[in-house]
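Chemist: Build the complex: two chains, separate frames, hints provided.
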Amino acid sequence: MKRFVFRNRWLPYALVAPQVVITIAFFYWPAFDSLRLSLYRASPFGDRLIWAGLANFERLFRDPAYLRSALTSFVFSFVVTFAGLALALLLASLANAKIRGLAVYRSLLLWPYGIAPAIAGIIWLFIFHPSYGILPWLLSFVTAYQFNWFLKGWVAMTLIVMAAIWKQFGYNLAFYLAGLQAIEASVLEAASVDGAGPIRRFFAVTFPLLSPVTFFLFTLNMTFSFFDTFGLIHSVTQGGPGDTTSILVYRAWKDGFEGLQLGFSAAQSVVLMALVILLTAFQFRFAEKKVTY
Amino acid sequence: MARTLAPPAALAVHAASRVKARDGGGIVAHAILLAAVAVLAFPLYYAFVISTQTLSQVTSLPPRPWPSTAFLSNYAEAWQRAQMGRLLLNSAIVALGVAFGKIAISLLSAFAIVFFNFRGKQVVFSMIFVTLMLPVPVRIVSTYQVMSVLGWVNTYWGLTVPLLASATGTFLFRQFYQTIPNSLAEAAQLDGAGPMRFLWSILLPLSKANIAALFVILFVYGWNDYLWPLMITNTPEMRTAVIGIESLVPRTSQLPEWNIAMAAAMMVLLPPVAVIVVMQRWFVKGLIETEK
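Residue numbers (this note's numbering), protein chains in the order written: chain G, 666 to 958; chain Y, 979 to 1270.
Bound-form chain Y, shown alone (with noise of 0.2 angstroms):
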């Protein structure tokens, strides 16, 4: 993930003050969004059809650009050929595997960073905060030899853990549990909790937004992501869903079989969209805490 440290302040506080209505400006407004609300929708849509029809009209000119009767035995075939209750299965463990990971140790080391005083404080702070800058693409050849020392390649493990080596999440519950009042803690003091205890039930219900933002953006990029499953699997059974059902991508050779291939690029991309839109709230602001 991006290491951009700019918040546009603009939209943290949601848009709050907006400009005076302009004579006339609303429909042009409404029917310039409607137009790129339409452009943007139709590749999807476009996939969707040609996941619904017949090899023979896929390949047929000109093109039908509406649903037809075959959703049902394409999304069969596509369901059986890619394996893909395994694929499917395999990228929502290394999706939730990622956001439920980060979160915890993210939580964790950042709640040490703020609510104590320990030697090297200063050392195990840079030292995360450093990761903020290289995503895993830059060192692939040197992280793949670390798993193969570890005995970590083609595991869940191996999948899971190397995606958790990041400070975003660290950085974001830093600066939140930089706004919590002392007061808050010093009266959970008085009351004989422990720092546990206060994490557990004051700290924790506290940061459910900031959770959830990170939530959305960490299953995203668990599920999302390519390079590193690519490499670090070898065998179908452990490969995940954008990798997995590349198999089913016609090339030059093969029968053209563009709606199987449709059919699983949307059972595919059903998940992480579908994290987008019911969380959106919670997505717009891990969008933009992420970023600092």
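So that you can see chain G by itself, here it is in the shape it has in the complex (with noise of 0.2 angstroms):
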């Protein structure tokens, strides 16, 4: 079906231009430019730009601090991502069944959506507090180790990655709840008259029928944890102790606001587009079929 249009030869360009403005503006002339900066580098004095090449690039992948921040991103979104979700499933399965107050409990489950995670942050610092916080004393009574984030590196990112899970938790059930409620008792019965058993079953028709809510929770957490935790490490262990909790935008910001280093930091962000390129690459590949332009 042709689509009916409006004849006017100047107000649609009127009614882009806002949009257009600020894409120009904000969107590509930044990105542009964190190109053209990851080829130079700041002169002693930092009154001047020196072309450097890609020798930014070549520090990066051998600076081994870098390279830590790399594995500790991965690992902090690898586990936030799966932890969350493979538990979150594990609830909904068990809790699939048809009663009462669906929407209620979805009413409970959702708000931690609109907790910042620099506040989140701050609920579980004091949780997690050495002196009076209510995690540690507890564990006193089960062992002598002392569980404190500010030595202990693995503590510390345990902390954060419970102040994560703790946030995208309710939405990740409650989508898997909508999930499994969609699918048809007739498909189960069918698997069950062959003879499948409740594992068998899971993973032969509901886990592959769940992909799509997998697949789409799965991208929104791995973005949460790659960029929008910025909030939560800042507010909480700020990269620390060391550098353990220092995940890659974290280390971007740090480098390019407080070590002034600007082509070394645009480096970065140019190596963080390149992921969020391959990100969004991989989305077509597996969501082609879905996609309506």
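Just to be clear, a hint being listed does not mean it is correct.
[What the hints assert, rightly or not] To give an idea of the chain G side of the interface with chain Y (calculated C-beta under 10 angstroms), a few residues: (1) Pro677; (2) Leu700; (3) Ala785; (4) Trp831; (5) Ala855; (6) Phe867.
[Unchecked claim] Subject to a maximum C-alpha distance of 35 angstroms in a straight line, what follows is the list of computed DSBU-like cross-link-like pairs (lysine-lysine): (7) Y:Lys1099 x G:Lys763; (8) G:Lys817 x G:Lys919; (9) Y:Lys1186 x Y:Lys1099; (10) G:Lys667 x Y:Lys1186; (11) Y:Lys1099 x G:Lys667.
Everything labelled a hint here was simulated from the structure, so no lab data went into it.
By construction, the Cβ of each residue, glycine as well, lies at the ideal position given by its N, Cα and C atoms.
Modeler: Set out below in structure tokens:
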């Protein structure tokens, strides 16, 4: 069907103008500027830029601290995403029955999405507080080990993982529940007539049918834990102790704004851009059937 | 915001069809869901409890998991110390500015893309949609430099406008406009209504649910964004709330006034959580639609 269109010579340009201007000024200009800056370094007095070619990138991939950050970022994002989704899917499957009040449960599950990662971090920081926190206090009855995140990297990592999962968990669960409820009972009954047990049924029938939901939640949780957790790191651990919780976005910010190494930070931005483009390509590849352009 | 392309179609229909009841499943399901709700709520409850206790109650062991009497004095203290009035005002300006600004520009550009033919349409279209791919954090340093060229550092413009450079809203409205039957626009034209009249009197009322959905997502995003306001502001008066209350979080060498910090945290988290709870139906719609 051919779409109806209004006839007007200049109006459509006026209508798209605000978005086009904003997109050029705050998207294309900075993106290309990052690319350009990544090829320069600042002079010793910081007053002008010196051509550096690919030196910033070379330095990046030889810098053990940067590579550690990359590893930290991936571990953090995968743990938050996989642990969060697996637990949500497990609980949703166990709770999948026709019950009253599902809408009420949904309200009670969705609200943590509204809490800023930085605020979630402050709350969990106190729960983990070595002197007054409820969690180290409870653990002190079980073990003499000191769960002090100020000193121990893995405890600090656990803290931010918990805070991140907490914030995401409710809607992961809500979405899985809705996905499960939408699976026709007849499909599962057919599998059960064929002699498949509950576990077999889950992996052969339920899980594949849930793949759109899983895919949706996977990307959402990955982007959240990779980029939106900056506030969590900044307000709670500031990358520490040492640099055990220094994720890539945090390091790019720190090198650029505190270290004033513009070229080096821009090179990190370019690497992040490449990662996002890869993630997007991955999405297109796996979701192209559902895309309607 | 994320850029997923696969919508879980099952959710869009609000889980209309349901699995038949299985024997005994109901009680187990209720038990599991109640437990999940309780575990999720505990950190928030605990933060609230702390915000009502005195300093000596907060710092004594064992921890006291029930509210106490210092509610008013803690909240008043936090309000005063962090200049909370100003912080919340700034956050409200940014969140509402981002929400309404983005709704306005994307309504207009989607209208132009769907209801007009013009030279360069394809270019404009691709140019806008590429922005779906890159979030603000990946171009931080350069965006800051653009701000200093414009003289927007430490201003409300600088806090708000760069966050509008993304296509989520345009995408959502475009999808919706394409479902509007031609006859509607044709009838409007026969009645002598011009395109702007059609947009204002017919399209806008029809878009209410989409506008509400986008509003929830953008309000929460604008209120909670951290990296950008941290970079672009450099005086306490221009800080947004999520950043401004950081000075109240006790560090190692300071008096452990966690009760004051938690009171501040409660005040900052309340508005976006309230928006989600009150507008829940549109929140779910927005979450799915903007992730497409």
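Chemist: Look at each hint and say if it fits the structure.
Modeler: Evaluation of the provided hints:
1. A distance limit of 10 angstroms between C-beta atoms decides the matter here; for proline 677 (chain G) the minimum to chain Y is near 4 angstroms, and the interface restraint holds.
2. Given the 10 angstroms rule on beta carbons, the hint for leucine 700 (chain G) holds: about 9 angstroms separates it from the nearest Cβ of chain Y.
3. Annotation: alanine 785 (chain G) was flagged as interfacial toward chain Y, and the flag holds, the nearest CB pair being 8 angstroms apart, inside 10 angstroms.
4. Because the closest C-beta pair between tryptophan 831 (chain G) and chain Y is about 6 angstroms apart, less than 10 angstroms, the hint holds.
5. With its C-beta approaching chain Y no nearer than about 13 angstroms, alanine 855 (chain G) sits outside the 10 angstroms limit, and its interface hint is violated.
6. For phenylalanine 867 (chain G), the suggested interface contact is broken, since its CB lies about 13 angstroms from the closest CB of chain Y, more than 10 angstroms.
7. Only pairs whose Cα atoms come within 35 angstroms are accepted, and lysine 1099 (chain Y) paired with lysine 763 (chain G) is rejected, the gap being roughly 49 angstroms.
8. At most 35 angstroms may separate the alpha-carbon atoms for a hinted pair to count; lysine 817 (chain G) and lysine 919 (chain G) meet this at roughly 22 angstroms.
9. Of the supplied pair hints, the one linking lysine 1186 (chain Y) and lysine 1099 (chain Y) holds, its CA atoms being roughly 26 angstroms apart against a limit of 35 angstroms.
10. Proximity of lysine 667 (chain G) to lysine 1186 (chain Y) is assessed by CA-CA distance (about 26 angstroms); at most 35 angstroms being required, the pair is judged to hold.
11. This hinted pair checks out: lysine 1099 (chain Y) and lysine 667 (chain G) have alpha carbons roughly 17 angstroms apart, not beyond 35 angstroms.
Hint compliance for this structure: hints 5, 6, 7 are broken, all remaining hints hold.
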